[in-house]
Each structure stands twice: as C-alpha cells, then as structure tokens.
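Single-letter residue listing:
Protein chains: 2
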Amino acid sequence: MTQAANGRTRIMDSAAKILWQKGFAGAKLSDIAKGAGMLAPSIYYHFPSKDHLVEEVMMEGIYHNNRHIMARVEGLGAGASPIVRLRAAIVAHVDFLLTGDDYSSAVARVFDDLPDEMRKRVLAAYSSFDNYWRDLIVAAQADGSATLALDATVVRKFLIAMLDSCSSWFRPGKLGPAQIAEQAADLLLYGFATKRP
Amino acid sequence: MTQAANGRTRIMDSAAKILWQKGFAGAKLSDIAKGAGMLAPSIYYHFPSKDHLVEEVMMEGIYHNNRHIMARVEGLGAGASPIVRLRAAIVAHVDFLLTGDDYSSAVARVFDDLPDEMRKRVLAAYSSFDNYWRDLIVAAQADGSATLALDATVVRKFLIAMLDSCSSWFRPGKLGPAQIAEQAADLLLYGFATKRP
DNA sequence: GTCTATAATCAGATAGAC
DNA sequence: GTCTATCTGATTATAGAC
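Each protein sequence line maps, in turn, to chains V and E. Residue numbering for the first sequence follows our numbering, starting at 1 and increasing by one per position. Residue numbering for the second sequence follows our numbering, starting at 1 and increasing by one per position.
Hint data in this document are derived by calculation from the structure and do not stem from the laboratory. One should not assume that every hint holds.
Identical copies carry no separate label here, and so any pair may be met within one copy or between two of them.
To be verified - Below, simulated EDC-like cross-link-like pairs (lysine to aspartate or glutamate); rule was C-alpha separation at most 16 angstroms, straight line: (1) Lys50 - Glu74; (2) Lys195 - Asp143; (3) Lys34 - Asp112; (4) Lys50 - Asp101; (5) Lys50 - Asp186; (6) Lys195 - Asp130; (7) Lys157 - Asp135; (8) Lys120 - Glu74; (9) Lys17 - Glu182; (10) Lys195 - Asp31; (11) Lys22 - Asp112; (12) Lys157 - Glu182; (13) Lys50 - Asp130; (14) Lys22 - Asp143; (15) Lys157 - Asp51; (16) Lys34 - Asp186; (17) Lys50 - Glu117; (18) Lys174 - Asp186; (19) Lys157 - Asp101; (20) Lys157 - Asp31; (21) Lys174 - Glu55.
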C-alpha cells in the first residue's frame, strides 16, 4: 500500500467520512467520489452498488473497532479485574471514535438507517462486538464489583448508545478525547451523584 | 377536537410515527398519507412541503416533551433536592419516550438528518430544553450532591444521548417503561460499579 | 378536502469511449 | 481505471376535476 492509496481504498475512506457527516441518505455517490478524487461512475469499477460500498464500510468499522477494544482490554494481562477491564473497554471505545476513525463513527451514525436486509447482516457481524461487551458486564456483576440491581442488557444498550453519541457532539476544546473518555468511564461506573441513596 | 381527528392532526400523528420508524429520508409522503387515511397530494392542502410538515412535528415533539418533564419536576414542590429533581427528570424523559409519544421519539431519531437550515431552527427551539437540563445538573453540583469532577456539559450530552436511545431499542418484555426509567436513573446517578475507586 | 393525473427533480446505475 | 453521456426509478410537488 503506497502513500497515495489505491482507488478502492480512497473510495472507502471517503465514504466512511461522508456517511459519518451526512448519514446514509445524505451520502451521495458524487460527494463520495469527489472526496476520492474522481467522478461518481468510477465508483462502479470498484463496487457494484452504493449499498455494497456502504456495507463494506460498516463491516470494516465494526471489525477495526472490535479489534482495537479487545487489544486494549486483553493487553491488561490476566490479572486485571472485571471493572478494570470494563473501564479499559469504555475508554478505548470513546478514544477510538474521537481520534479520527471515520469508519466506526460512520457505523454509529447510519446503522439505524441501513436498508433492512443489510442491517440484518451488519447486525450479525456486530454481535461478536455485542457479546464482548455483555461478557465484560456480566463478569463484573459475577464477582460482585458491579451491581446486580441493574439489568445487564439494559446497561449494555445504554452504555453503547452513550459512548457512540460522542462522535456526533464532540468538538476539540478544553477537553480532549482522552478526557472525554475518562469522564465517560467515571460517569458509567460511579455515577454523577456524590453519594449513594 | 373530535374522536376522529381532523386531517391536519392525522397527518402530523402519522408523520411522527413514520419519522420515528423510518428516519427522515425513509419517511415517504405516500406512507405518511396512508397512515392518515388519504393519498400523498392531499397533504399539500394542509402543509406547503414535506420539510414544513417535518419541522412542525419536531417543534411539537420538543414542546410536549419539555412541558411533560418540567411538569413532573416542578410538581415535586419547592422542597425537593437537586438530585431528586434530576432523577425525576430522567425518569420522566424515559417514561415519555417509551409510553407512546411518537413525536419526541421522532425528534430523537431524525434530528441529525434534518436539512441544515431546519436543524438550526429546531436546535434553537431545543435550547430551552437543553438549558433546563443544564440547570438541573449544575444545581446538583452546586449543593455538593453531584461531583464536580465531571464536566456539566459532557454529563448533559451523555445523559441525553443515553436516554434518547431507548426508544430505538426498547421492546416490551420483562422490563416495562417504568423499570427502564428507574434503571436509567440509577445508572446515571450511582453508576454500575458497587463501590467507588 | 381529497382525488386523479402529471410534471419536475434528483440520485443511482449503465454504456461505451479513451 | 476513469471519463462523458444517458437511462431509470423513485419521490416531491403541481394542476385541475369533483
């Protein structure tokens, strides 16, 4: 892979960026092509349709995000406690979204708008990701370091929605990606209130 | 207003439901009209364009949700503590989304996909809502019942994203709207971990 | 107020030159 | 591999009857 990426890669990169910025319907092939330095019909030399292109971007986003999070968590070593592992996953996810991975930001933005059949396939790929989060959550409950009063599925849904949102509202300012990631972890693990009821 | 609502109201109700289910681009006028018991061109007797219709649905959703939350919080009386007020707002918001208000669910789903100019106007209407949440959050920090270690703006963004998500994944099951609402409040206020670091 | 046409627009997709 | 030119289909919007 040379510095000037090949056409196919340039198209994928451009598509990820524009899907993230404009959503599924708003991402026009002409804009995607422009971002890749070509015109719309040229895309069809590399991809059979817009849907196929989008689906590849989704799969790439899920795959890379998944690998990134797992690498950071498993990098903690065998001795890490469930809460430490969960915290690392939260921080890694936010950091990945905010440090310029257009692919995973695109997934978070357009997933709900995908055509039905595609969404089913993407959801299937997403399930390994979902399962990984579920395991982190359940492990923390199992060893008593997380509360059983909260439903594991509800926690997972809320957690992922909360984390995924940050790529839509984050703007570089006084708080950087690393700080936002820490705040997310603190909020989810210890809450906003200073003392328990 | 009779039991069989007038045409304009039927169109708005149908539009809210379909916007929530299918998103902005996916909400076709023909589907909206069908839900209102008429055909697409009839919509133009009541609204000058699809965009105008959508904008009215957004404004209605924001207005009603806002009123509902404020009514529940202010109904607590003058003696309620900031944390109790914040908790009531969280519970009210989730409960409102999950107990069949298509308008506020539609706002949560399509806001990011609105045409630029419209989104600016809707955002302006949304600001009173945003300010109300900000005040609840800051008040809790000011009296020491919430941590100053978390940035008030970050908390508000995460909190609203988390709560808004539930209308997209909630399905009636073992946990009803009221239970989900309580879990949201517990998670946000006290966190998932059993003890602080 | 709602309908049956039908126009206008726009984005995805194809054909074929280079 | 990318282009110019064109086709197709879907959807918003309009005209005018009832």
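One pair to classify: Lys195 and Asp31, alpha carbons no more than 16 angstroms apart. Within, between, both, or neither? neither (51 angstroms within a copy, 50 angstroms between copies)
Can you tell me if Lys174 and Asp186 fall within 16 angstroms by alpha carbon in one copy, between copies, both or neither? Classified as neither; 18 angstroms inside a copy, 29 angstroms across copies.
What label fits Lys157 with Glu182 when the C-alpha limit is 16 angstroms: within, between, both, or neither? between (19 angstroms within a copy, 15 angstroms between copies)
With identical chains, the pair Lys195 and Asp143 could be close in the same copy or across copies; at 16 angstroms between alpha carbons, which is it: within, between, both, or neither? between (22 angstroms within a copy, 13 angstroms between copies)
Should Lys50 paired with Asp101 be assigned to within, between, both, or neither, using CA atoms and 16 angstroms as the limit? Neither: 21 angstroms inside a copy, 34 angstroms across copies.
Pop the pair Lys17 and Glu182 into one bin, within, between, both or neither, using alpha-carbon distances up to 16 angstroms. neither (25 angstroms within a copy, 37 angstroms between copies)
Checking Lys22 and Asp143: alpha-carbon separation at most 16 angstroms within a copy, between copies, both or neither? neither (43 angstroms within a copy, 41 angstroms between copies)
If the cut is 16 angstroms between Cα atoms, do Lys157 and Asp31 qualify within a copy, between copies, both or neither? Classified as neither: same-chain Cα gap 33 angstroms, cross-chain 30 angstroms, threshold 16 angstroms.
My question is about Lys157 and Asp51: at a cut-off of 16 angstroms on alpha-carbon distance, are they close within one copy, between copies, both, or neither? neither (26 angstroms within a copy, 31 angstroms between copies)
Alpha-carbon proximity context of Lys34 and Asp112, limit 16 angstroms: neither (26 angstroms within a copy, 23 angstroms between copies)
Since the copies are identical, ignore which copy is meant and state whether Lys157 and Asp135 lie within 16 angstroms (CA to CA) inside a copy, between copies, both or neither. within (13 angstroms within a copy, 27 angstroms between copies)
Indicate which option fits the pair Lys34, Asp186 if close means a Cα-Cα distance not exceeding 16 angstroms: within, between, both or neither. neither (41 angstroms within a copy, 47 angstroms between copies)
Against the hints set out earlier in the document, violations occur for numbers 1, 3, 4, 5, 6, 8, 9, 10, 13, 14, 15, 16, 18, 19, 20, 21.
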